[in-house]
Amino acid sequence: MTVEPAEKLLAPVLSAFWDDPRSWTLETYRRHDGYRALTKAFAMAPDDVIAYVKDSGLRGRGGAGFPTGMKWQFIPQGDGKPHYLVVNADESEPGTCKDIPLLFANPHALIEGIVIACYAIRSNHAFIYLRGETVPVLRRLHEAVREAYAAGYLGADIQGSGFDLELTVHAGAGAYICGEETALLDSLEGRRGQPRLRPPFPAVEGLYACPTVVNNVESIASVPAILQRGKEWFKSMGSEKSPGFTLYSLSGHVARPGQYEAPLGITLRQLLDMGGGMRPGHRLKFWTPGGSSTPMFTDEHLDVPLDYEGVGAAGSMLGTKALQCFDETTCVVRAVTRWTEFYAHESCGKCTPCREGTYWLVQLMRDIEAGKGSPGDLDKLNDIADNINGKSFCALGDGAAAPIFSSLKYFRAEYEEHIERKGCPFDPARSTAWADKYRTEAHA
Amino acid sequence: MTDVSLGIPEMPAPDYPADVRARLESDAKEVIARYPGSRSALLPLLHLVQSEEGHVTRTGIRFCAEMLDLTTAEVTAVSTFYTMYRRKPSGDYQVGVCTNTLCAVMGGDAIFDELQQHLGVGNDETTADGKVTLEHIECNAACDFAPVVMVNWEFFDNQTPESAKALVDDLIAGREVRPTRGAPLCTYKETARILAGFPDQREGAVEASGGAGPASLAGLRLHRGEAPAHTVPQQSTGSAEPAQEGE
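As you go down the protein sequences, you meet chains U and Z in turn. Residue numbers for the first sequence follow full-length UniProt numbering, beginning at 1 and rising by one. Residue numbers for the second sequence follow full-length UniProt numbering, beginning at 1 and rising by one.
I should point out that these hints are in silico values taken from the structure, not numbers from a laboratory. The model shown is predicted, which means the values in this text are computed figures rather than measured ones. Positions of the beta carbon are idealized from the N, C-alpha and C atoms, including for glycine. There could be a bad hint or two in this list.
[Stated by the list, open to error] Here are the computed lysine-lysine pairs in the DSBU-like style, where the Cα-Cα straight-line distance is at most 30 Å: (1) K81(U) <-> K29(Z); (2) K165(Z) <-> K350(U); (3) K54(U) <-> K241(U); (4) K165(Z) <-> K437(U); (5) K81(U) <-> K8(U); (6) K437(U) <-> K409(U); (7) K350(U) <-> K40(U); (8) K409(U) <-> K380(U); (9) K29(Z) <-> K189(Z).
[Said to hold, decoys possible] Using C-beta positions, here's what the derived DEER-type ranges look like: (10) P76(U) <-> G210(Z): 41 to 51 Å; (11) G122(Z) <-> A151(U): 45 to 55 Å; (12) E232(U) <-> Q116(Z): 42 to 52 Å; (13) R224(Z) <-> G80(U): 50 to 60 Å; (14) G80(U) <-> E226(Z): 52 to 62 Å.
Sequences are here, hints too, so could you generate the full structure?
If you want it as C-alpha cells, here you go:
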C-alpha cells in the first residue's frame, strides 16, 4: 500500500500558525485573517448565524458529538432572561490534550468564536471555565482577553455593532467531574461540582437557572474558520455526517507523538504511517480512540475511520480523539487498574452505583494485577461494571465501565494469565520512554 | 482516646490582621464584581486565600464565608471537594508527577518512585526545609509530552528520573528553574494569585517558553514537509535524553 503524503491527509486550520514565534498574540491572529469572521457574523441576523453553523454540520468536539448549531438553536429567544455561553476548557479526560495546546498557542480563535456564538444566541456574558492546573494557559487567556477588550472585540458596542459582551476567565480547582457540563455549571456557581439531573437541560435552565450553551473549546474555536471560509469548504472535508477538520492527539509508544489536525475520518494507520509508526522495534497492542472513557481498540482497528459514525460502528466512541497508543510491552491489566483508580478518585460521590462500584472495581483490579485474583473475579468485574454502566446521572460511570468491558473483551487471556501465574508477566521498565535507549547502550 | 482528625477546621476562626484583611477584601470585591451571582466567586476566592497563607486555613474559610454571605460549613464543603485546595501547610513548590495510565507507563511511575527516595518524602508530603511538596497527579492534558511533571502547575515535559531529580535539586538550592512550557517559576502562593484571576504582572511571563511546544507542531511540520522538531530540550542539569524521534 502506498502512503499518501502528509500534505494531502492533514488539514491544519486551528493549528495553521502555531509555529509563528508569537502565535498567541492578537497581532499574529489578525495577520492570519483573525476577527474577520466576526465582521461577517455581525452583518447577518443572529438566527442566520445559528442556521449557518447548523448547516455546516459542526459537531461538538468535547466527546459527545452533538451538533453545535442545534445546541444554539435550543436557546429560547424573547424569554426576557439573560442567556449565557460557558466554554468548557476543563480538559481532563485521560489522554486528551488538544484544547490546552490550542489555547496556549492560539487563544484568539476561541475568543472570536465566543463573540460570534454569543451574538447568535443573544448572550451578553460568557465564561471560559479553564481547569486550574494549567497556569501557562491561564496566563495567555488573561492576556488575550485583555487584548481583545483593548481592541474593542469585547466590551460595549463591539466594533460598532451595538452588541455588548463581557467575558470572564474562570479557573477551576481540580476535579475531572467538572468537565461534565452540568457539574461544570454547579462549579461555576461556586458549589461542589456534581452533575444535575436532566431535564431541565442547560439550554432551558443552565447557569443561574437561565438558558445556557455549554460548548467545548475546539467546537467554538472552529466557528470563525467556518464563517470565514464558508460552510461548503468545511463540508468538503470529512463525511456527510461528520464534516470538517479536527485535532487528533497522538500519544504513547509512537515515534512522533503530537497534534495532527486532519479531516474527520482519517485512520490511525494513516496517522501512524505519516508519523513514523510505533517506536522502533515495537508493535501496537491497544489504543483508545478518544480518551480512557472510550472502549479500547486493538491492532484490528487500525483502519477504522476516525469519525463519529466509524468509531461508533466499531464499538467505541470518537470522544476527544485522544489516540493513546500502547505497545506490546504494556500490561493491559496495569493500564486498566490505573484508569479505574482515576475514576474512583474522581467520582463525585453523588450516585451510589458509580461511587461504590468504582471503589470495588479498584479492589478487584489491584488484586488481579498483584497476582492475588481468583478466577471468579473476572465475571465479578464484568458484573460490577454492568451495574455502574448507564445507572448514574452522568457519563463518568459509563467511562469507568468502558475500559473494563473492552479490555476483558480483547484481553481476557491476559487477565487469566495474571491469575494463573499469580503475578504480572510484564516488566514495566520495558515500557518507559527511555527503555530502549538504555538497552541499546547496554548492548553497544 | 484515639485522635481522629476529620480535617474539619475548628471554629470560630481568628480573623486576618487588619491590613491583610483590608487588602484581601479589596481583591475579593474585584473578583466578585466579575460574576452575575456572587457565589460564583467562591472558587477564585479560595485560590485567593491560598495566595495569602499557602493553604486554605480556617481564617481563609471564614473570610470567604463573610465575603459571600455563606456559612463556614458551605465554604468548607466546597474547599474539600477540589484537589487544588490544600488542607495543610505545604511547600513553596508543588511537584506533581503524572501517574495516570499513559504517563505512568511511559515512566511516570519510575519518576515518582525515584523522587520519593531522592527527597525522602511520600505522596503529599513536604521536605523538611519547606521547599518541595511531592504528589502524584492525574492526567494534565499533555500526553504527547509524556512523562510529564508539573511544578506549581507549569509544564515540565518529557521527563526522566534524572531530569526530575535535577529539577527538585534546583528548586531546593534556590536556582532559577524554567519550565518547558510556561513562565519561570514563582512560588505556590504567587501562582495561587494568578488562579484567583489576577494576571501575572512579571515582565516576559506571558511570552516565556515561546509558542506551541514541539509535539504540538508535529502535524503542522509534516504538512509543510519540514523535518520534525526535536522533542523538548531537557533541563540544563538533566542528563538523559527525551524519547527518541523515530523516522
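Structure-based check of all given hints:
1. K81(U) <-> K29(Z): Cα-Cα ~25 Å, so holds.
2. K165(Z) <-> K350(U): Cα-Cα ~40 Å, so violated.
3. K54(U) <-> K241(U): Status holds; Cα separation ~12 Å.
4. K165(Z) <-> K437(U): Cα-Cα ~19 Å, so holds.
5. K81(U) <-> K8(U): Not OK: K81(U) and K8(U) at ~47 Å, beyond 30 Å, violated.
6. K437(U) <-> K409(U): Not OK: K437(U) and K409(U) at ~34 Å, beyond 30 Å, violated.
7. K350(U) <-> K40(U): Status violated; Cα separation ~45 Å.
8. K409(U) <-> K380(U): Holds: K409(U) and K380(U) sit about 14 Å apart, inside 30 Å.
9. K29(Z) <-> K189(Z): Holds: K29(Z) and K189(Z) sit about 20 Å apart, inside 30 Å.
10. P76(U) <-> G210(Z): 41 to 51 Å: Holds, at about 45 Å.
11. G122(Z) <-> A151(U): 45 to 55 Å: holds (50 Å)
12. E232(U) <-> Q116(Z): 42 to 52 Å: Given about 57 Å between the Cβ atoms, the range is violated.
13. R224(Z) <-> G80(U): 50 to 60 Å: holds (51 Å)
14. G80(U) <-> E226(Z): 52 to 62 Å: holds (55 Å)
The structure does not agree with the numbered hints 2, 5, 6, 7, 12 stated previously, though it agrees with the rest.
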